[in-house]
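Q: Given only the sequences and the hints, what does the whole structure look like? Please build it.
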Amino acid sequence: MSTEPVSKDRILLEMRDVRIDGFSDERWHQIIKGVNLTLRRGEILGLIGESGAGKSTLGKAAMGYTQPGCKLTGGSILFDGIDLVKASDAEKRRLWGTRIAYVAQSAAASFNPAHRLIDQTVEAATRRGIRPDAESRADAVQLFRALQLPKPETIGSRYPHQVSGGQLQRVMTAMAMSPRPDLIIFDEPTTALDVTTQVEVLSAMRNIVEEFNTAAIYITHDLAVVAQMADTIKVLRYGEEVEEAPTRQMLTEPKQAYTRSLWSVRALEKPEVKGDDIILSIDHVDAAYGPFKVLHDVNISIPRGRTVAVVGESGSGKSTTARVITGLLPPLSGSVIFNGEPLPAALKDRSKDQLQRIQMIYQMADTAMNPRQTVFDIIARPLEFYLGLKGKAREDRVVELLKMIELDESFMDRLPSELSGGQKQRICIARALAAEPDIIICDEVTSALDQIVQEGILKLLLRLQKEFNITYLFITHDIATVKAISDEIVVMFQGKVVEQGLKSEILSPPFPDYTQLLLSSVPEMDPDWLTNLLSARPDGP
Amino acid sequence: MTDQPDTYAAAAEVGAVRKRRTRLERVGLLLKSAPPSAWFGMIVVTLYILVAIFADVIAPYGEAEIHPVPFAPWGGEFLFGTDQIGRDVLTRLIYGARNTMGIALATTMLSFLIGGGLGLVAAINRSWLDQFLSRFVDVLMAIPSLIFALMLLSIFGSTVTSLIMIIAVLDSTRVFRLTRAVAVNVAVMDYVEAAKLRGEGLSWIMRREILPNILPPLVAEFGLRFCFVFLTIAALSFLGVGIQPPTADWGSMVRENASLIQFAKYDITAAITPLLPAAAIALLTVAVNFIVDWFLHKTSGLRDEH
Amino acid sequence: MNAVLATILKRLGLGLATLFVVSAIIFSSISMLPGDFGQAVLGQSATQETVAAFRKELGLDKPAVVRYFEWAGDVLQGDLGTSFSGRNASGQDRSRQVSDLVMPRLWNTLFLAGVTALIAVPLALFLGLTTALYRNSAYDRAVNAATLTTISTPEFFVAYILILVFASLWPVFPSLANVDASTALGERLYRVALPALTLTLVIVAHMMRMTRAAIINLLASPYIEMARLKGASRSEIILKHALPNAWAPIATVIAFNLAYLVVGVVVVEVVFVYPGIGQLMVDAVTSRDIPVVQACALIFAATYILLNLTADIIGIVTNPRLLHPR
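Residue numbers (my numbering), protein chains in the order written: chain A, 3 to 543; chain B, 671 to 976; chain C, 40 to 365.
Worth double-checking, as some hints may not be accurate.
Short derived list, chain A residues pointing at chain C, Cβ under 10 Å [to be verified]:
#, residue
1, 70
2, 112
3, 126
Once the Cα atoms are required to be at most 25 Å apart in a straight line, the calculated DMTMM-like pairs of lysine to aspartate or glutamate come out as [what the hints assert, rightly or not]:
#, chain 1, residue 1, chain 2, residue 2
4, A, 405, A, 351
5, B, 968, A, 420
6, A, 153, A, 141
7, A, 257, A, 91
8, B, 968, C, 264
9, A, 94, C, 264
10, A, 94, A, 190
11, A, 350, B, 808
12, A, 94, C, 275
13, A, 153, A, 196
14, A, 354, B, 863
The hints are simulated quantities; they were obtained by calculation from the structure and are not laboratory data. For every residue, glycine included, the Cβ atom is placed at its ideal position computed from N, Cα and C.
A: Below, the structure written as structure tokens:
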């Protein structure tokens, strides 16, 4: 730790032409292709990029650490004058956890289940004798308090599995801060959290980093989040730097076309159309997993040819609603009415025709396709199964469907592992489309995808809806996606429907309490958003 | 800054970097990366299979042919001498390869048929049937299999058929557990759910959705189970309750000639004679283990630290 | 603590239930005997009456459920029945009590297994931990290759090589481990040296590999990477971060291998003509002396269940999630 007065101009970390290779598919590939990075004391650098951009690898390299299966092949990393490329393991260990700290994405997995939180919090400071153990413990309690953790005096004596994910993430920040490091690497620390929890964790982290004037590298794929945290933003793509600029400048006048394309996604918005012809309705449905009741008297009606978006955080019951509709989870009471007739509750009692008319697309296209089947097998199966198409007719139809989703027949004999994330999701859409359904349930279909790919998928879905008058039930937690695609919105909270209505009605005041909280917690592309939000909330700090 | 196009097109999106290779190329690449231990294993196994297939051609005498001189020394007419009643040891070794390996292979296949089939059904079904089968297997596995085999053999007698049936049934419990465990992991995948939602039947889901995805661990397990079955049969034969004479078998050969070891000081080759069949068993299981070890390392996706 | 107690009680119940079913299976094996069994035991010249009397003695005229509970009741009181051997066609009965046959031999087997476990367990844990710690080093590779070879080798191969080297070429140990009740401890240890060494070699190989795998599996957890990034050294990572989470897998490994040991003794006892329960069982199987086979099988199965139960309970009491419920 440093005791000298901190000056903002002094360079803390200097990475020059860093190159890192990773091993996969029997070969070494370049993951980081010569990136420069300069970080001054007390500065927060936001590192953003899509999946596979190499941002996490670069973040860890700033500590002189490369994951198993990766190796540093070139460049220099200077931390406060220490050459981390040449430093021995023992020298690096002296820096790690004391002068450079790391905050991981999954707090639940990154805490040792066998030790109390406080022991893990003070571990690094005590090991290096930064201060006596008792002082460290007292200091940790202060940090817990500063991070607004409940019961700061006693929470440290708990075990990791005894506290919630959002709290664990803040404890991990305290653990990083305990030895008063010069630099903290935040590796997607809020990605696994719900939006309402994310706000609390973000503000706690920002305050404490500001308070101790710690330099930080903040890694994320979420532009709005990085806008709240960072002084400077660096955009990465395919292991190379796209551009770097101060946050405000980057948000208002991005130079590169790629950066602009990242920014533009949020502009998509479907004009809402009211619909009266109800194709499917959920009527007073209660459902449970074993003894745990998860849906309480849920009523939703879906008009033909429209998109109804179901929004809510994890545990709100939105995915369970989908399982009830598809028959995977027969409800305790209530019914699903489809085209005016009640559907049999259980999947096995439904007719082939009923199954064909309701199709589903999943969040993770990776796991929704059998990795051993080719694109042709995947799309052709429903054609054969429902429509009885064979031979040439089936092949022609597959090509037609591929064209519809903006791919071509060269994709037919590829395996899912040979497709990009967006292409995979398109194949899943084609598979659903092949059944010629009336309604498609889309379960978080864009949330695992990069921004620019999301936009493409959403546009495709909108176009298909127009062409074939398909109805969508669109489950998501992302408000921007809701704006882009929906006609109507259903807000769910703890297994209950909070409200349902046209998009314009739901997204304008007056709001019920929960909708208000949910909407206000969604980060916006405005560097002052978090500050304004916190000062506007009555119970805010 | 990048060589990627700035305008978006779905077909131009870059997928995972994976080179498309033909099956032959993949096998070639796989073999090229095989460590020496795996090569050793593959060569040994191939040799054993050849010996087993062409036993009639290679063996100098008949399987149960008795010569006038018991315990003949090495060399001359009998390369490895003769056994306690005057049968040529080399001939018995060669036929032993066919008998012991054949029986072990038949047993392993039967146990995979039973255990693998039931394991798959249990993994997809997940209802009372799964509960029943799993509990039943738990109980069977609570009795050590060698002990259970000994007990059942004492009741049904030591014929080749009962040997195969008993060991296959006992061993299928382990196959069941593994198959069920890996199949459950696959059965919770969205693509299996998608197939169920489509209305596909049990048979399609088993054969087309799950089986292709659990093959690698099952193939590895087949190698390990084969070794285990092979050793169990050898042990039972060694104990005198397995394969019965006059059928040539490695386990009983060790037992029949074991007394020769005490003559090590006078004739080392005689003392080695009972060790030959034992070494033949050991060499095969070591070879199979080397191959499986490498195969597991390849397919588990585990990366060692560099 | 209630959660822990409840889980342990549940496991104990499950263990008892398993033992019950296992004993029922072992018992019912007698009813699977071919019909002419009495003839086979008593000899071809046995009269109808003696065969009928023999069947009556076995209780084959009573319903199976009644017989099972009578048998189980006897077993609980230490009465394992009467051996089939020593009977003849004329109805003469010089057969012995099974418990008299089994008990001294059970003690011998436990002695051999105990000696082996005392050497093998600490050695295997040490090798497993150090190879996990220095994985991919020359040391690790050498130990791995050696143990892979050992586990692929039949026990009797190891045994005969040891006999060839240490009893035949350089006679330092006896090749026959014949002991009886009067053998003194020192002499007893000397005579079981080779069987114990054989078992140790086999068990250490298995146990070391499983310990290594369990530790390496733990080392792949994100919290271990976190510990590295907090500056913990290799030994700290193993001792402080991995080991407290490793008791359950290690206990499982030890239990599994001790159970394996109990079974492994069968072959080794036969090789060294050691008067243990394994050899007794093999002899009984050869002569189809069913009561003795049943008694031995029951003892082996009970040991097996008990060992696994112990491992489960250790896993429960070291699991922080159960020790510190929400």
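Q: All hints, please: hold or fail.
A: Now the hints, each set against the structure:
no., hint, verdict
1, 70, "holds, 9 Å"
2, 112, "holds, 4 Å"
3, 126, "holds, 5 Å"
4, A:405 <-> A:351, "violated, 35 Å"
5, B:968 <-> A:420, "holds, 20 Å"
6, A:153 <-> A:141, "holds, 15 Å"
7, A:257 <-> A:91, "violated, 40 Å"
8, B:968 <-> C:264, "holds, 23 Å"
9, A:94 <-> C:264, "holds, 14 Å"
10, A:94 <-> A:190, "holds, 23 Å"
11, A:350 <-> B:808, "violated, 31 Å"
12, A:94 <-> C:275, "holds, 15 Å"
13, A:153 <-> A:196, "holds, 22 Å"
14, A:354 <-> B:863, "holds, 16 Å"
Of the numbered hints listed earlier, those contradicted by the structure are 4, 7, 11.
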